[in-house]
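Asker: Here's the letter readout for the chains.
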Amino acid sequence: MILTEFDYVRPVGLDEALTLLSGTPGARVLAGGQSLLPDLRTGAENARLLVDVRHLEELRGIGRGPDGIRIGALTTLAELSGHALVLAEAPELAAAARANGDPQVRNLGTVGGNLAADGRATDLPVAAIAADTRVELAGPGGRSTVAAEEFAASGAPAGTVVTALLVPAAGRAAAFEKTADRATRYPVCATAVRITPGGPRIAVTGATPRALRLRGVEDRLRGGPYTTDAVLAAFRAEPRELFVPGRGTSAEYLGHLAGVLTARALARAQALA
Amino acid sequence: MVAYTAVDDAGNIGNPKVVLGQIEGSIVHGLGQALMEAAEYDENGLLISSDLSHYALPRAADVPFFALDKTVTPTPHNPLGAKGAGEIATVPPAAAVVNAVVDALSDLGVQHIDMPLTPEKVWRRLRGEAR
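Same order as they appear, the protein sequences are chains A and B. Mapping the first sequence onto this note's numbering, position 109 (from 1) lands on 109, and the numbers just tick up by one. To convert a position in the second sequence, counted from 1, into this note's numbering, add 1000.
It should be emphasised that the hints constitute simulated quantities derived from the structure, not laboratory data. Only a predicted model underlies this, so the values are computations on that prediction, with no experimental measurement involved. The C-beta atom is built at its ideal place from N, Cα and C for all residues, glycine as well. Treat the hints with care, as some may be off.
Short derived list, chain B residues pointing at chain A, Cβ under 10 angstroms [as the list claims (entries may be wrong)]:
1) Val1007
2) Leu1035
3) Ala1038
4) Glu1040
5) Tyr1041
6) Gly1045
7) Ser1049
8) Leu1052
9) Ser1053
10) His1054
11) Ala1056
12) Asp1062
13) Trp1123
Quick partial rundown of chain A residues pointing at chain B, CB under 7 angstroms, derived from the structure [stated by the list, open to error]:
14) Ser154
15) Arg182
16) Ala183
17) Ala237
18) Thr249
19) Tyr253
Start from the sequences, fold in the hints, and give me the full structure.
Answerer: Have a look at this one:
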């Protein structure tokens, strides 16, 4: 449980950070440290060099973007959960941020870190997927964006830093629901929904191997009504192997729980819309 | 857990804050037994609930403020008339919680559920499964 040896550097700007990341084997980005530092202690992760980006102002700030909200990657979960613009236009992201860990974790943990903490079922990715978020990355080849769903599947490409989330505005018609593990506070199951003119967008994590958009459930519910019975039936039609048993939770129970949480989220999103 | 009321008798009380603290801690301990805490072993007999990231226990945010009251029945067996206060409040919470859940499911014929009462166990009984 003692940290292994690594080097630490505090680059003056994003360009220097990117040069260090692409030029050093075993280099990792350090932001809030709420996943990486515990994982270095337990040996679940390794690092030869920590590139500390916490002070880079260009990764901060929440503001209106071209067609929604731009959320800087260093925004803390506490800031995200209470930000007026986010509460009004992307309420599922605010709720997901609030559901993470405890106040100390939310005060230090960042949006970018929460999204990039691959291998951990964190709360933000599922909300980002439901919201049709694009993840903005900076890498050796310049800036690029990738859909949150794809990012959840493949993670951050080597040598890149998450710089921002680009979230379309929902006008409140979105919600997040979670049942937390009693010990870890990670989701046993969490669902996020966003109701769009084309139908509902629905994503699930915790009960599934990673944060996933459930297109089959969306198709079955298109046109509504989103009654609890209809939502549970839509989840029962999913393949059983979609849900992965956890500690003391069967796949059958998790499938039911995902349906119940999604029904609650849809009801709340409709009431807010 | 939305409310919990307890009445305990520790005989004559010297420092009420110490006694109330003991009782509050005892109640949380009992609630953890009823709802969360379990020593879990894998198929090789290895303890897997071996640290606090794998062993669930209630924290302050998991419990309500308790409604506490007392009766005072001094013991004749010591000059202070004081009785132990460290364990008496640990005994009732698990029984109270399990009885409340079993009572809520009594129209389904449920008479017993093994502790801890995890959501999946209660869900299975709601669906009419034997355990």
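Asker: In ascending order, which of the hints set out earlier in this document are inconsistent with the structure?
Answerer: 1, 5, 6, 14, 17
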